[in-house]
Each structure stands twice: as structure tokens, then as C-alpha cells.
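Enquirer: According to my numbering, the sequence shown is numbered sequentially starting from 20.
Calculated from the structure, these hints are not laboratory results. Here the structure is a predicted model, which is why all the values come from computation and not from measurement. Glycine is no exception: its CB is placed at the ideal position from the N, C-alpha and C atoms. Hints may be right or wrong, so weigh each one.
Said to hold, decoys possible - Ranges between beta-carbon positions, derived for each pair:
{"no.": "1", "residue 1": "145", "residue 2": "97", "range": "42 to 50 angstroms"}
{"no.": "2", "residue 1": "177", "residue 2": "144", "range": "41 to 49 angstroms"}
{"no.": "3", "residue 1": "145", "residue 2": "37", "range": "27 to 35 angstroms"}
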Amino acid sequence: MVLDPTYLDELGQWQDIDDLLYDPKWRILLFLHAPASLEATTEFLCSLRFLNDGEEAKSGSEVTSTSRVTFTLMGRLLNLTLADLGWLIGLYTLDETRSLAFADLPNQLDPEFNVKKFWQAHGHGRFHSGASLARNSARPSWRILHHALAHSYFSRSHGPDVVFESDMLFFWSLEARVPVNLATFVAQFLFAQSTCDRQFVLCGPMVTLLA
20 MVLDPTYLDE LGQWQDIDDL LYDPKWRILL FLHAPASLEA TTEFLCSLRF LNDGEEAKSG
80 SEVTSTSRVT FTLMGRLLNL TLADLGWLIG LYTLDETRSL AFADLPNQLD PEFNVKKFWQ
140 AHGHGRFHSG ASLARNSARP SWRILHHALA HSYFSRSHGP DVVFESDMLF FWSLEARVPV
200 NLATFVAQFL FAQSTCDRQF VLCGPMVTLL A
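The task is simple: from the sequences and hints, build the whole structure.
Expert: Here it is, written out as C-alpha cells:
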């Protein structure tokens, strides 16, 4: 999924989106562009595994910043930390992945975060995870960003307008200007791509960057 600033500017929404995307890491993901290879992507997805102390993760929620990822690509078997994954796709530099600040990046919502109050401040109606709709966001720019994410990193094959509590990590990060661990975010996206039936496989460009 690649956002088009020119088209968004014609809609009168680019300035607001540009202001929201203060974190260059989110920009990298939302403007990620690379060719895709069906052969390489198939090899990658069929071999992809996430491990926690040697035990395979069974759900996306089990993929955390301390997980490891293994896969084969171009015939090579790789075993990486998620920090390595973030570096290889260009999200972080090696120095960043080795810093204490990186180790402290959150990979989930702050426990004190109140999703219902957040929605009331930025949307219409009461929030119900899995039932509230992005079209009820007060700002058009948020609706556009949710649509882009639903068709890419949120991996929604059905009901792309539906908002889940987990979606709020993105909007909380932007609104509160709190950097989050995007290596884990990407890993959870890749887990979903490898384990669920999807109408479209969307991770091809990332696989190219890993190769």
C-alpha cells in the first residue's frame, strides 16, 4: 500500500496526514515501495515461523519484541531477531536497534490507555471493538489512513471499515506522538499473511527488501 501525496493533496487531506505522520518510521511503512516476486514471496510465506524460546507462536498476539523469526529465502535459511527484521527492511539503523531506546519501545497500547475516551474525542458514538466503523472518525484523514492500513498492515480480508481496539495503536502513536516498536508491528502483519486465507498477498515488497 503506497499513499499518493499528489492525489491526497487534490482531496485536501494531504496536509493533515503529513502533520500526523511525525514519525519517519510510520512514513517508511506507508510509503513502502519495491517490486514483488511471486516465487520469493511463496517461499518466504511457506517457511515463515515465529518462535518464543524455541516454541512456535500460534497467534499474532504471541509475536512480541523478544520473538525470533525463521524463514527461507532464495534457498537460504535465516534465523533473526525482530530487531534484525526491522533493520533489513529499512525501518531502523543498526545503531537504533542496539540502543536502549529501541528496547523500551512499546509494542502494544499503554495499559492506562482508555480506548473509549479516545474514540469519543476523535469519533462519533460509543466505541465497540469489532463493531465501530472508521467512517465515524471525526477527521477524514483518519478515515483515509485506516482504509490504507485495513487493506495492508491490518490484513483485513473482510469488513475493512470495522475498527478494532488493536487498530488504535497506530492512532494513539500518532496522536500522542509516542514511537512504537514497528519491527513487532511488521512481524505481526507477516504472521497474519502466512497463517490466514487472504484474497491478496501484500507482503511481496517486504520480501524483496529482505532478499
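Enquirer: Could you run down the list of hints and mark each one as holding or not?
Expert: Status of each hint after checking the structure:
1. 145 <-> 97: 42 to 50 angstroms: holds, 45 angstroms
2. 177 <-> 144: 41 to 49 angstroms: violated, 21 angstroms
3. 145 <-> 37: 27 to 35 angstroms: holds, 31 angstroms
Of the hints listed earlier, the one the structure fails to meet is number 2.
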